[in-house]
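Start from the sequences, fold in the hints, and give me the full structure.
Protein chains: 2
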Amino acid sequence: MDFNSFLTSLGTSFLIFVVLMLLFAWLSKKPGNAVVYYPNRILKGLDPVEGGSRTRNPFAWIHEAMSASEQDVISMSGFDTAVYFVFLGTVLGILVLSGIVLLPVLLPVSATSGKSTSATTSNGTFSELDKLSMGNIPEKSPRLWGNLLAVYWVSFVTYYLLWKAYKHVSGLRADALMTPELKPEQFAILVRDVPPVLKGQTKKEHVDSYFKTIYPEKFYRSMVVTDNKEVNKIWKELEGYKKKLARAEAIYAQSKATGKPEGARPTNKIGFLGLCGEKVDSIEYYNGKINELIPKLEEEQKVTLREKQLDAALVFFTNRVTAASAAQSLHAQMVDKWTVVDAPEPRQVIWTNLKIKFFQRQVRQYVVYVIVALAILFYMIPIGFISALTTLDNLKKLIPFIKPVVNVKALKTVLEAYLPQIALIVFLALLPKLLFFLSKAEGIPSLSHAVRAASGKYFYFTVLNVFIGVTVGGTLFTTLKTIEKNPNSTIDLLATGLPGNATFFLTYVALKFFVGYGLELSRIVPLIIYHLKRKYLCKTEAELKEAWCPGDLGYGTRFPGDMLVVTIVLCYSVIAPLIIPFGVVYFGLGWLILRNQALKVYVPAYESYGRMWPHMHTRILAALILYQVTMFGYFGAKKFFYAPLLIPLPILSLLFGYVCSKKFYRFFHDTALEVASHELKEIPNMDQIFRSYIPPSLRSEKSDDDQFEDALSQQVSRSGSFV
Amino acid sequence: MDFNSFLTSLGTSFLIFVVLMLLFAWLSKKPGNAVVYYPNRILKGLDPVEGGSRTRNPFAWIHEAMSASEQDVISMSGFDTAVYFVFLGTVLGILVLSGIVLLPVLLPVSATSGKSTSATTSNGTFSELDKLSMGNIPEKSPRLWGNLLAVYWVSFVTYYLLWKAYKHVSGLRADALMTPELKPEQFAILVRDVPPVLKGQTKKEHVDSYFKTIYPEKFYRSMVVTDNKEVNKIWKELEGYKKKLARAEAIYAQSKATGKPEGARPTNKIGFLGLCGEKVDSIEYYNGKINELIPKLEEEQKVTLREKQLDAALVFFTNRVTAASAAQSLHAQMVDKWTVVDAPEPRQVIWTNLKIKFFQRQVRQYVVYVIVALAILFYMIPIGFISALTTLDNLKKLIPFIKPVVNVKALKTVLEAYLPQIALIVFLALLPKLLFFLSKAEGIPSLSHAVRAASGKYFYFTVLNVFIGVTVGGTLFTTLKTIEKNPNSTIDLLATGLPGNATFFLTYVALKFFVGYGLELSRIVPLIIYHLKRKYLCKTEAELKEAWCPGDLGYGTRFPGDMLVVTIVLCYSVIAPLIIPFGVVYFGLGWLILRNQALKVYVPAYESYGRMWPHMHTRILAALILYQVTMFGYFGAKKFFYAPLLIPLPILSLLFGYVCSKKFYRFFHDTALEVASHELKEIPNMDQIFRSYIPPSLRSEKSDDDQFEDALSQQVSRSGSFV
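Heads up: the protein sequence lines correspond to chains A and B, in order.
Per my numbering, residue 698 is the first one in the first sequence, and the count goes up by one each step.
Per my numbering, residue 698 is the first one in the second sequence, and the count goes up by one each step.
These aren't lab readings, by the way, just hints derived from the structure by calculation.
Each pair may be met inside one copy or between any two copies, as identical chains are not told apart.
Pairs of lysine-lysine, DSSO-like flavour, derived with a Cα cap of 27 Å:
| # | residue 1 | residue 2 |
| --- | --- | --- |
| 1 | Lys-993 | Lys-941 |
| 2 | Lys-861 | Lys-1034 |
| 3 | Lys-1378 | Lys-915 |
| 4 | Lys-1359 | Lys-1052 |
| 5 | Lys-837 | Lys-1336 |
| 6 | Lys-941 | Lys-1232 |
The structure presented is a predicted model; accordingly, all values stated were derived computationally and were not measured.
What follows is the structure, encoded as structure tokens:
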């Protein structure tokens, strides 16, 4: 890639960004689009825009995002989102503080050095930027002292800001957990591996008597987890028919309103996919189906509650401290029986995982780890190929018939600039679903935990495959002989491979923030989908709401992407300091645009009260250690005599990580009792807490909502005679 | 060592054993020795011997030891001792079951093999035993299949018995913890790292209010730990004078009884060590001193309680479950504040360690680890020298003037048999004290924990230095060239080094059990010391009791010694199966003799309810893995084609260890709530529980024993005005 295609890449990216920004300013003003651009506010019952939307400055969102406090973010989007902003802010801080020192110091040092022809920051000829990189400093030059001290500066800035951030997030989490508002999950624990029932006892009696003995005063009641597969199926079918009925009624009302004859009642075919079979009156047909299913559902609910009990239960206490303490205590003499954890929020319980037994969970976990490791290893090969092949010259050789297309001057420049990056981005988009599925298969009981696990896997994948794969693989052909001779010298390889890929990552980061954040802010794709659905599909209010209902911020996949940028920028910060401004723009723009999205668009799917933070912390630290080790290798390659002075840094980082995890980590795993012992606003309504955990498919259709309890008490008192 | 010196060694050991046994049978019958041979029974208020001691069969103790049940051991000597017997029994079982199969199978296989001159089980010429070892089987012979299967047999026997033992010990621990008897430590937790006190609050108020908020109903009261250095000093001085006074009075009474004139009151000099200075009347002098010290002690007690409070406290709850659960729960948001652990028994609290701060404990721990690692590394050198030098030939070369002595035929044989072993045993006797001191310096709060930590260090030391050191070092000169060329091949080295040292270890084990257990049973040394003290030193009853008062079983140092034997016997079990009977005798004799000692002699110093077991389990497993790895190496050295079939074994062992630790371990660290929730025999007398933790130096001299409480309540209510 030469300097021209680099500039083209940057220019095009910026152009796209500007276009998307203008689009956003224009589209977001239209009242009809409010549900796409302000769904979070609308769902919370607020005006889409404070003040009228007409007179509004199109860039007012920037001011609003800047001036929103952390408390605003928390109240609009929850603690997890606030923690994500702490992450963005911390990284931004690290890069800004690094840049303030590194840019004015290192750039002149490099630029005024005698020319060194041996090193280059790009695989092509790219001497304009080379001059500003560490490659321009000759070997053994005393000027390298500047670079060495820069590594120390970056490290200490990172330690300082990470420490501050961990303390801050710990405080946030404490605030969240001690709020006087009622949170059902603070009164419950999840019990798994309930041992076999004694003779003449139901499972519920078994659980009840066990916990009543231990907590005679604070035990409220238990809910034995049932196998809901069957009842869920019936319930889903019923809900489907209800929706269809509502839709048919809406169509009918519409047609009546437009003055069509009474006979134009909607009809449908009852055969395969509604495409064939007998034609029936929809309203009557769905009503009939619903009436048929309701008693079936009720019957199945009773059967489920009575006979399909699994070896897991939710146990409720009348007091937050007892629940918090119970979740941390060993209950049974055999550790694989009566295992307890914090109850997840009702909305994030993964019910189907609760029945999985202790050792099966361990086995599943290791099996998943092995699969992920294999996936990481075998994706390595295609990534290596992609980065080696997607230079135009190679492509032309491989696919000769694209030669005439590619030889058009303008097209060639664009293609050359984007090809490798696009390949990479598309490739990475395929992965998160698979990793989330694998994480769920581990037997994790809560959604947020599964997201964290998937996010971790994605992080390893990204850093190992994209960063290390591209770095080492990109220079694979040039260093093939070195590898063959000495396969152990990975650090050296990384150190020599890194500088050659600086411009690749420079454009990669730029593409990511200009195009990625542009698309994010303008919400072009959701907008188009919403308008299409509204026009051709949605008939009822509920359907319409479903069409615009926003998702989650999705930091589970966002975060590994960010971490890749952190890793890249840190590793290049001293080698090619010019990357720091790119990193600053990435995290600055991200902070700003996502703050807007968090305040106005996304609705959190769950709340884990910042449990993601320790992972974020550890991974920033891991990136830092990778950077320190790489720099040690690179200084070695520069034959700098004082390179060993860098050895204390990785040790210091490990020590820092150890101290942090000792001081802060356990509070992110367990609830501290001093936090749980804060007063509540009101006396908890235990019945309501209990009810919030009843899965929708088991909730009674009857208005008094008492069936669950009935069935349960029946089952307790009479199950012997019933079964 | 030739065959003759081997037989001499065995014979001499056996002779010593027989003499000691006869001595024991004779001495233990004398009523005057009862306090040496039956102190545990006497202290428990039982008759020294059931039935009269005159008519008793001198070998009745064997029958009594055999027929004593585990419950008897527990009631006489506590759970920790019972667990030690589970360890002895398990190892004995492993060796017996292994021997039953290995001896009849492997010995004929080896004996009937064609002679192989390449291998030898001893460093000298020793062909009589060589014929029965694996070394006699030629390379690549299909007969090696037998040995390979034997490795599998030993491994599976070990897994089976270890599993059974772990389950059994877990049950024992549960029984111990759920007994309805009152145990003060079950109602208390130890709180450390109390954060700085808020203004206008005393430390006790601070602790009280913190725990009252969290446990409003179950909190009883707290005891802030104080710096007792000063008060302990005064108290010790006072106790010393009291003893001396009692002694002086006893002498005076004696002299009166023997009809000496009234004027012969005992006197002493008050100068340095009682050797110079003014001569005074002892009784008057000591009485004066005591009267002088009592008010001083009382004053110091008040000052200590009021002003020398440290950042640690014992917190008492009115309920076992709450205390057990509190000890496992995170209390503070910052994990390094308000850290909690189970309270140790009052008698095993290491008070001076309680004040050490969280991170200082971490630092101390690692510093100690480094020191121990260095100690292990640097002791390696002398051990290597010892085992290389202490062959007579080498000694003669080094110290030529011993030649005439050594050349006496009989002496030479004995010396040759014992020299290396004696060197080793003396050498090892120096270590435990140092390791215990180091473990205490880690900041561990309880004695039993410090003993466990010291025992672990001693184990590593023993196995690494004695076993591996002797094995590799003993053949150091012969394999020097191999090491120089390839320093990585440690497994190979071990595999080739092992067979050459079989006879060394054979005699080592025999010496250990014959002489070691002979001395143990006959208690010659304590007997002599007791009689000397009784005759020349003791004047009062208390002094006499102190003279015979038995120690602890001391399994902290016993166990690493046993583990060395386990490691040796396991590693040689297939190479030289003849070692198995030696191992069986070692553990059989040990079981029998120590059972007698546990029932009649030793008094446990503390009770940890079997917390040692997980360490024992892990270390037996570690010995097994070492054995499996070594065998893999040895089969490789034998060029046996199917040697890789042994690879699954270490993996299986790791898996087994993982499953065991997952299933059982946490219960040995924390108290399971289901166990703690068992009913008590009586309503706990909380005041008594609280009082049992008051250190003796702070206990009031006054009869009503209320001063501590007074001082405490004073300090709570009035400390502001006092200080």
